[in-house]
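Participant: Note that the protein sequences, when read in sequence, are chains A, B, C and D.
Counting in my numbering, the first sequence runs from 1 upward without gaps.
Counting in my numbering, the second sequence runs from 1 upward without gaps.
Counting in my numbering, the third sequence runs from 1 upward without gaps.
Counting in my numbering, the fourth sequence runs from 1 upward without gaps.
For the record, the hints were derived by calculation from the structure and aren't laboratory data.
One thing to keep in mind: the hints can contain errors.
In silico DSBU-like links for lysine-lysine, alpha-carbon gap of 30 Å or less [what the hints assert, rightly or not]: (1) A:K359 <-> C:K43; (2) D:K365 <-> D:K216; (3) A:K359 <-> A:K265; (4) B:K359 <-> D:K49; (5) C:K143 <-> A:K359; (6) B:K88 <-> C:K88; (7) B:K216 <-> D:K359; (8) B:K359 <-> D:K322; (9) B:K265 <-> D:K143; (10) D:K75 <-> A:K75; (11) A:K270 <-> C:K75; (12) C:K312 <-> D:K359; (13) A:K265 <-> B:K322; (14) D:K49 <-> D:K143; (15) A:K176 <-> A:K197; (16) C:K49 <-> B:K312; (17) A:K312 <-> D:K270; (18) C:K49 <-> A:K43; (19) B:K365 <-> D:K75; (20) B:K365 <-> D:K176; (21) C:K49 <-> C:K365; (22) A:K365 <-> C:K143; (23) A:K143 <-> A:K359; (24) A:K143 <-> A:K176.
Residues of chain C clear of chain A, computed beta-carbon distances all greater than 10 Å [claimed, not checked]: (25) A191; (26) D259; (27) K322; (28) R356.
From the three backbone atoms N, C-alpha and C, an ideal C-beta is built for every residue, glycine too.
Protein chains: 4
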Amino acid sequence: MAGSTFGNRFKIMTWGESHGAGVGVVVDGCPAGVPLSEADIQKQLNRRKPGQSQFTTPRKEDDEVEILSGIFEGKTTGTPISLVVRNKTQRSADYSEIASYYRPGHADYTFDMKYGFRDYRGGGRSSGRETIGRVAAGAIAMKILEQLGISITAYAKEIGGIAISPERFNLQECAKNPFNMPDAQAAQAVAEDAKEKIEAGDSIGGIIECVIQNVKPGVGEPVFDKLDANLAKAMFSIGAVKGFELGDGFAVAKALGSDNNDAFKMQNGKVVKETNHAGGILGGMSDGSDIVFRAAIKPTPSIRATQQTVNKSGDNIEVSIKGRHDPMIVPRAVVVVEAMAALTVVDLLFENMTARIDKIEEFYKM
Amino acid sequence: MAGSTFGNRFKIMTWGESHGAGVGVVVDGCPAGVPLSEADIQKQLNRRKPGQSQFTTPRKEDDEVEILSGIFEGKTTGTPISLVVRNKTQRSADYSEIASYYRPGHADYTFDMKYGFRDYRGGGRSSGRETIGRVAAGAIAMKILEQLGISITAYAKEIGGIAISPERFNLQECAKNPFNMPDAQAAQAVAEDAKEKIEAGDSIGGIIECVIQNVKPGVGEPVFDKLDANLAKAMFSIGAVKGFELGDGFAVAKALGSDNNDAFKMQNGKVVKETNHAGGILGGMSDGSDIVFRAAIKPTPSIRATQQTVNKSGDNIEVSIKGRHDPMIVPRAVVVVEAMAALTVVDLLFENMTARIDKIEEFYKM
Amino acid sequence: MAGSTFGNRFKIMTWGESHGAGVGVVVDGCPAGVPLSEADIQKQLNRRKPGQSQFTTPRKEDDEVEILSGIFEGKTTGTPISLVVRNKTQRSADYSEIASYYRPGHADYTFDMKYGFRDYRGGGRSSGRETIGRVAAGAIAMKILEQLGISITAYAKEIGGIAISPERFNLQECAKNPFNMPDAQAAQAVAEDAKEKIEAGDSIGGIIECVIQNVKPGVGEPVFDKLDANLAKAMFSIGAVKGFELGDGFAVAKALGSDNNDAFKMQNGKVVKETNHAGGILGGMSDGSDIVFRAAIKPTPSIRATQQTVNKSGDNIEVSIKGRHDPMIVPRAVVVVEAMAALTVVDLLFENMTARIDKIEEFYKM
Amino acid sequence: MAGSTFGNRFKIMTWGESHGAGVGVVVDGCPAGVPLSEADIQKQLNRRKPGQSQFTTPRKEDDEVEILSGIFEGKTTGTPISLVVRNKTQRSADYSEIASYYRPGHADYTFDMKYGFRDYRGGGRSSGRETIGRVAAGAIAMKILEQLGISITAYAKEIGGIAISPERFNLQECAKNPFNMPDAQAAQAVAEDAKEKIEAGDSIGGIIECVIQNVKPGVGEPVFDKLDANLAKAMFSIGAVKGFELGDGFAVAKALGSDNNDAFKMQNGKVVKETNHAGGILGGMSDGSDIVFRAAIKPTPSIRATQQTVNKSGDNIEVSIKGRHDPMIVPRAVVVVEAMAALTVVDLLFENMTARIDKIEEFYKM
């Protein structure tokens, strides 16, 4: 296991700390022949980059990716793809203080308990910079999915309690506001609300929704490697996620079977569902409908407001976290959600290729 | 991957269909020396057994486990433990009809899409009987956890919209009502409500909560194999689960960082948290507090009420599911939730044993 | 890892001890639609069955396989296939003595060191009966390979120093002598030689050769999961194997590059090799030629002749192993070699299906 | 699987091509607290470096390793360790010719068959430079083993048919000749013989022996993950290996059980073996004796001598491989053998930590 490895068929290993030499990922199991350039990956990294508005950390991180292997003449070769992003703005001095105590809501304490000590500079491995490897690998997964006609789109559904309205839902809006919110009016409300919280030295959370379209029915392995089970793990592996739900999610607890079941019907000669309470997955396998899930994101734990904690000498102390922190993580986490979804879907798509002997035979004769 | 395998260090492979010869599991990676008898496993199987009240299926399943390997003189030997439960009440005739159409809310359609055909008798592999293997393996994991002082307790927190009250919370009550509910009054309300729904040919869902106690800090692997990520996968691998949340869960989306962060303080010379919004896990590792999570369970899809669906010939038809089905799955799923939690925790506990070279050295010299 | 699991895509978990309730295997990842009956598996089990000649153990083991899951209407369903063979001739009394000491050449000592105690009856998990699970699972893998036109054939190349002659090589002979030897004359010589050794209470070893035909070029993963690397592991996982070589094997150590390289040439519009020193694998991938490898099998460690050893009280003692033991394991191991080869090839064949995006695309559109 | 990943508990992913930006490895699962510097790794890389004598390629490769993550204040942190070696002497022009045909004995043909095309520059991923990642990761594994008192030593036992003499065996000699041969006289003979073969434009192979000392009894998992099975895979994953044997190896085929069994006896209150025909492993687990194995290495396929082959247009052609190639790979492969052995032993050592519940309990209370 060992923690930093994800996927079985399209397998990635991420590495790197906030203030070490860099962060990166190796992808083992990418098929040969996928057109891939640094620009394809940079595009996604730029979407998660901080410093793009007043609502994310003002840190400028110039995350430039370099492909070190696995590409020849503009295409993947089938061998491991190594991607590295050098850390540039390392100001370790900023972090000398937090070496001595445990920040509430962070992994400082648990890292020390597990490993005996920790790289405290900027959160080390538990820094948000760790997600760069995910986004970079996810960009490759995305290229594969595109080639198969599958799309993945995530957006902020709710921030600080302010939700988008289904009536005003417009994906085009996402790029026009700093929140990745598909609703201009909600985004405006968030902007006002957030400004206030930020000034008070506080932080806010939210809900990200993700829609995966055009996955053929049957992807996902019954029992333990269900598509939804693997998505749940993928999402909960993102630092700030505290909840995950598929389709109607927690609302099913109050629903009746007669309402919650999605009726099948024939449409243009194909089996479709009249509704999609299930969120596009039945028995752990894609059912051909849109796959819809949501992840709850906690407020950033790094806040300026005064907090109680303990230091390594065992004293109760008061702290106020300084530094340039995101007052909300939702807008940037949207990109990470998409990346993790892409990695999960590609892995199970590949897994699904050996489901039937007749198709294997046909394939073997190709 | 291949779907029916779970865990890396304490690894299980489950097998079996509702109406085949039986169901079972093999456990590979159980340490030697654990006292284990069929009674230990039977005890847990009996808790999930149907036919124990009017609120679960009236089918009598006499699920008797047999240990086929891995035990010698009352103790595990370190070799694989094979457990089998023979199917007894196989009335395949009942199921001949559902072979021809896709039941809404079930995996019939996706199974056909994935594999080209399906064992339609009683749901085949997607039957609730599949969980017998999980519960049997979980019983062994539970024995190991007990030996380390760790306990896992799940219960129904809400059924059909009726929730337990924190004031009346009493674990002793769980065994006294047919709902595994730690609140006698809520259980009574559920009984009345459920009777009505059942009579109407409908079904209801609910929420299961689970508490894991006495896990030392540091269990769980940062990044992808976070304790919460693996719990999320484990829970979402249970057929009826549509939502999972840890600690405050979805409520964090509306919380402020200053409220959501749990302050650390010293207590009797130990670091503890004042609150537990985080649900006992920080950065993917146990923090020493109770681990608290919830899973949302959908209403049983098999309902007597009339539903729209399609048959294999591509006709729109109307169906009413006959047979002896659970009008609610929550009470029995409580046992499965505990089992999956136990399997997850044991696996990551074992994984954690190689976190530090100093401890490895000490161990190697033992 | 946990030891009793093999394969990543076509994954098996074997279980069982010599004198427990039985032995068996679960196969997770078998594609749906493979015609499979108990007879298909029994056929292979019968080939490895003891008691078929005076040169193998006179123990009668009536190894009857039962399929417990994963088959419906004569075909695999894509879900786990559980196979069990009940142990019948359990005479544990025979083994009470060996509980107290460590048999030379056996795993008694290492089992005790690893696990603290052992199931000493008939060797427990390290008994040759453990291979029943392999052969049963291998029979399923073989069915898949047949469907793709791939064949696997192993035979005894040498027993007790007596080798087959290339001139007399005739596969039809294998079934006509008790040694699985494709040379009647060599078999006759072995019979005479072996009789002598058996009478002296001793045992003999040999060499098994295996040929895999019609594997398309490109199967096997470069670097660590090379086809030959996985075959090496598969063969060395068989208890008695002490050496493994591919193609010219150890002879390459004395060869010149100009002799050892196989020249390519065009034949009927296809690329072929003039010679096959490489044994059908280049850079870890099948090259389209026959895959040819050999495994060296040690003499059975259970011998009647007097041996020095120690008992559990730490005394030096003399022992003579009684009981009905194989004086040579080679003839029966031939079947196990084929099974493990089949499991390895199927696994890497499946793995190879995601090597190229153009083929994945074509497949996805099927 | 995906090919470039090795190990389950101490897991590595290697990457890189001969003429890409560089080669490297990520190690996931290294315990925290291991003192580690670039010098520790460089030391091993320098041992495998080419250009150190007239008997290896005259290419000067200045393989300088950089640690990108996982180290803080001179110790491993428990998080992934990323190591990179930049390629410096990339003269792709040299290789334009070999793009058009398949070199005999190389992986050119199989790469093309598997992936549809290949990075032909310097062999791409199948270049010997791929082993840099193994040696770098092995250096870390070695540090862990040292801390536990375990040593691993490999050397050339035979080159081009000239073997070392047991009487003159002296490990100190290895560093004094360019062949890693523990016998000065044999090394001298090899030097003379090799010079002749090299001048003739040919290449030679040999046998590497490896001894692992001080592994406690019980390491290795019965059945499939036997210590010898995993070593066999590890060795056969090295490009040029065509044979692997443990202890007496292929000689067991001609031995009698009475000779081949190693008698146990008591010595200073400990159980020891009188002889070591088994090579230190019984039933797949270390038995406390030295673990001794050998790997057969083929002559380097790149030779100046004229060879027959085909080009990509399907013509039969004659070729003579130019460029600076190793006339023998044995001396440098010795370092790779040690690295792969170290990776295998560490992985199974960690695996072994959960063999007994009593030790797990003790450990959990530490």
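Participant: None of the hints should be skipped; say for each whether it holds.
Facilitator: Hint check:
1. This hinted pair checks out: K359 of chain A and K43 of chain C have alpha carbons roughly 27 Å apart, not beyond 30 Å.
2. Distance check on the hinted pair: K365 of chain D and K216 of chain D sit about 23 Å apart at the alpha-carbon level, within 30 Å; holds.
3. Proposed proximity of K359 of chain A and K265 of chain A is supported: the alpha carbons are some 27 Å apart, at most 30 Å.
4. Annotation: proposed proximity of K359 of chain B to K49 of chain D is violated, straight-line Cα distance about 35 Å (limit 30 Å).
5. For the proposed pair K143 of chain C and K359 of chain A, the alpha carbon gap of about 15 Å is at most 30 Å, so the pair holds.
6. The straight-line distance between the Cα atoms of K88 of chain B and K88 of chain C is roughly 24 Å, inside the 30 Å bound, and the hint therefore holds.
7. Straight-line distance between C-alpha atoms of K216 of chain B and K359 of chain D comes to about 17 Å, which keeps the hinted pair within the 30 Å bound.
8. About 53 Å separates the Cα atoms of K359 of chain B and K322 of chain D, which puts this hinted pair outside 30 Å; it is violated.
9. For the suggested pair K265 of chain B and K143 of chain D, the alpha carbons sit about 38 Å apart, so the restraint of at most 30 Å is broken.
10. Between K75 of chain D and K75 of chain A the CA atoms are separated by roughly 38 Å; this puts the pair beyond 30 Å, and the hint is violated.
11. Restraint check for K270 of chain A and K75 of chain C: the C-alpha separation of about 27 Å stays at or below 30 Å, so the hint holds.
12. A threshold of 30 Å between alpha carbons decides the hint, and for K312 of chain C with K359 of chain D the separation of about 21 Å falls inside it, so the pair holds.
13. Only pairs whose Cα atoms come within 30 Å are accepted, and K265 of chain A paired with K322 of chain B is accepted, the gap being roughly 21 Å.
14. At most 30 Å may separate the alpha-carbon atoms for a hinted pair to count; K49 of chain D and K143 of chain D meet this at roughly 20 Å.
15. Between K176 of chain A and K197 of chain A, the direct Cα distance comes to roughly 22 Å. Compliance with the 30 Å bound is thereby established for this hinted pair.
16. The straight-line distance between the Cα atoms of K49 of chain C and K312 of chain B is roughly 45 Å, outside the 30 Å bound, and the hint therefore fails.
17. For a cut-off of 30 Å, the pair hint linking K312 of chain A to K270 of chain D is broken: about 45 Å separates their Cα positions.
18. Between K49 of chain C and K43 of chain A the CA atoms are separated by roughly 62 Å; this puts the pair beyond 30 Å, and the hint is violated.
19. Distance check on the hinted pair: K365 of chain B and K75 of chain D sit about 22 Å apart at the alpha-carbon level, within 30 Å; holds.
20. With a C-alpha separation of about 36 Å, the suggested pairing of K365 of chain B with K176 of chain D is violated against the 30 Å cut-off.
21. Straight-line distance between C-alpha atoms of K49 of chain C and K365 of chain C comes to about 46 Å, which puts the hinted pair past the 30 Å bound.
22. A C-alpha spacing of about 17 Å is found between K365 of chain A and K143 of chain C, which places the hinted pair at or below 30 Å, so the restraint holds.
23. Restraint check for K143 of chain A and K359 of chain A: the C-alpha separation of about 24 Å stays at or below 30 Å, so the hint holds.
24. Annotation: proposed proximity of K143 of chain A to K176 of chain A holds, straight-line Cα distance about 24 Å (limit 30 Å).
25. Annotated as non-interface, A191 of chain C keeps its C-beta farther than 10 Å from every C-beta of chain A; the closest such distance is 42 Å.
26. Annotated as non-interface, D259 of chain C keeps its C-beta farther than 10 Å from every C-beta of chain A; the closest such distance is 31 Å.
27. The Cβ of K322 of chain C sits about 45 Å from the closest Cβ of chain A, beyond the 10 Å cut-off, so the non-interface label holds.
28. Not every C-beta of chain A lies more than 10 Å from that of R356 of chain C, the closest at about 5 Å, which undercuts listing it as non-interface.
Checked against the numbered hints above, the structure violates hints 4, 8, 9, 10, 16, 17, 18, 20, 21 and 28; every other hint is satisfied.
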